[in-house]
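Trainee: Now for the letters of each chain:
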Amino acid sequence: EAAVTQSPRSKVAVTGGKVTLSCHQTNNHDYMYWYRQDTGHGLRLIHYSYVADSTEKGDIPDGYKASRPSQENFSLILELASLSQTAVYFCASNYWRAETLYFGSGTRLTVL
Amino acid sequence: AQSVTQPDARVTVSEGASLQLRCKYSYSATPYLFWYVQYPRQGLQMLLKYYSGDPVVQGVNGFEAEFSKSDSSFHLRKASVHWSDSAVYFCAVISASSGSWQLIFGSGTQLTVMP
Numbered sequence: 001e002a003a004v005t006q007s008p009r010s011k012v013a014v015t016g017g018k019v020t021l022s023c024h025q026t027n028n029h030d031y032m033y034w035y036r037q038d039t040g041h042g043l044r045l046i047h048y049s050y051v052a053d054s055t056e057k058g059d060i061p062d063g064y065k066a067s068r069p070s071q072e073n074f075s076l077i078l079e080l081a082s083l084s085q086t087a088v089y090f091c092a093s094n095y096w097r098a099e100t101l102y103f104g105s106g107t108r109l110t111v112l
Numbered sequence: 001a002q003s004v005t006q007p008d009a010r011v012t013v014s015e016g017a018s019l020q021l022r023c024k025y026s027y028s029a030t031p032y033l034f035w036y037v038q039y040p041r042q043g044l045q046m047l048l049k050y051y052s053g054d055p056v057v058q059g060v061n062g063f064e065a066e067f068s069k070s071d072s073s074f075h076l077r078k079a080s081v082h083w084s085d086s087a088v089y090f091c092a093v094i095s096a097s098s099g100s101w102q103l104i105f106g107s108g109t110q111l112t113v114m115p
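Top to bottom, those sequences are chains W and F.
Under the working numbering, think of the first position of the first sequence as 1, with each following residue one higher.
Under the working numbering, think of the first position of the second sequence as 1, with each following residue one higher.
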């Protein structure tokens with residue numbers, strides 16, 4: 001069973017603060033993704049990566065950075081958190097982009 | 001632009017009733033299509049996928065979906081729902097252009113199964 005683990009499960013941050021969300025996968029997958037989910041909306045892609053030490057922009061990258069230090073780990077970084085970044089964030093992985101995604105259980109971020 | 005539309009934000013059915021959740025896609029070529037389910041406080045899990053071949057695909061837990069090119073649809077069905085099927089269901093399509101692949105999600109349908 002593919003496993004994607006996110007930490008923390010939830011976080012409260014202050015406006016202007018730095019936030020780092022972490023993701024770890026044990027699937028040996030090449031691709032990893034960060035999605036954002038807002039109430040009443042589908043998932044939107046923030047950043048993705050297909051190899052360690054390289055990241056790519058998704059549909060809504062503004063205000064976010066990503067880091068892929070190894071095949072197993074993928075982080076999402078909010079340098080200056082804003083109220084509009086309150087959402088649930090999901091990490092996912094797969095072997096290649098047209099295949100099934102395996103999701104973590106999400107991180108609920110609240111920016112005050 | 002490629003897109004996926006789920007016209008029903010919320011669907012309520014009684015336990016044991018049949019179910020259809022609607023999905024319409026906009027894509028010029030033959031699409032790769034998925035249905036994902038999100039149970040409360042969990043990540044998404046794939047229910048089924050369609051790449052080619054038989055337009056009716058079987059998924060987990062008795063779900064199936066039918067691809068229709070003429071109607072640009074990929075509706076999800078189940079013959080008899082259980083209370084545990086209450087969840088949010090997402091339709092998604094893979095869009096590929098110029099070597100770049102992108103998974104596009106619909107806005108989701110919240111399914112509530114009444115006992």
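Careful, some of the hints might be misleading.
[Claimed, not checked] On the chain W side, residues computed to face chain F include the following (Cβ under 7 Å):
#: 1; residue: His41
#: 2; residue: Gly42
#: 3; residue: Ser82
#: 4; residue: Ser84
#: 5; residue: Phe90
#: 6; residue: Arg97
#: 7; residue: Ala98
Calculated directly from the structure, the hints in this document are not laboratory data.
For each residue, glycine too, the CB sits at the ideal point set by N, CA and C.
Trainee: Now, for every hint given, state plainly whether the structure supports it.
Mentor: Here's how the hints hold up against the structure:
1. Residue-level restraint check for His41 (chain W) holds (minimum Cβ-Cβ distance to chain F is 6 Å; threshold 7 Å).
2. Here the hint on Gly42 (chain W) is kept, as its CB sits about 3 Å from the closest CB of chain F, short of 7 Å.
3. Contact between Ser82 (chain W) and chain F, as hinted, is not supported at the beta carbon level, the nearest pair being about 23 Å apart and thus beyond 7 Å.
4. Evaluation of the Ser84 (chain W) hint against chain F yields a violated restraint, the C-beta minimum of about 19 Å exceeding 7 Å.
5. Contact between Phe90 (chain W) and chain F, as hinted, is supported at the beta carbon level, the nearest pair being about 6 Å apart and thus within 7 Å.
6. Given the 7 Å rule on beta carbons, the hint for Arg97 (chain W) holds: about 4 Å separates it from the nearest Cβ of chain F.
7. A least Cβ separation of about 5 Å between Ala98 (chain W) and chain F falls short of the 7 Å threshold, and the interface hint therefore holds.
Of the numbered hints stated above, those contradicted by the structure are hints 3, 4, listed in ascending order.
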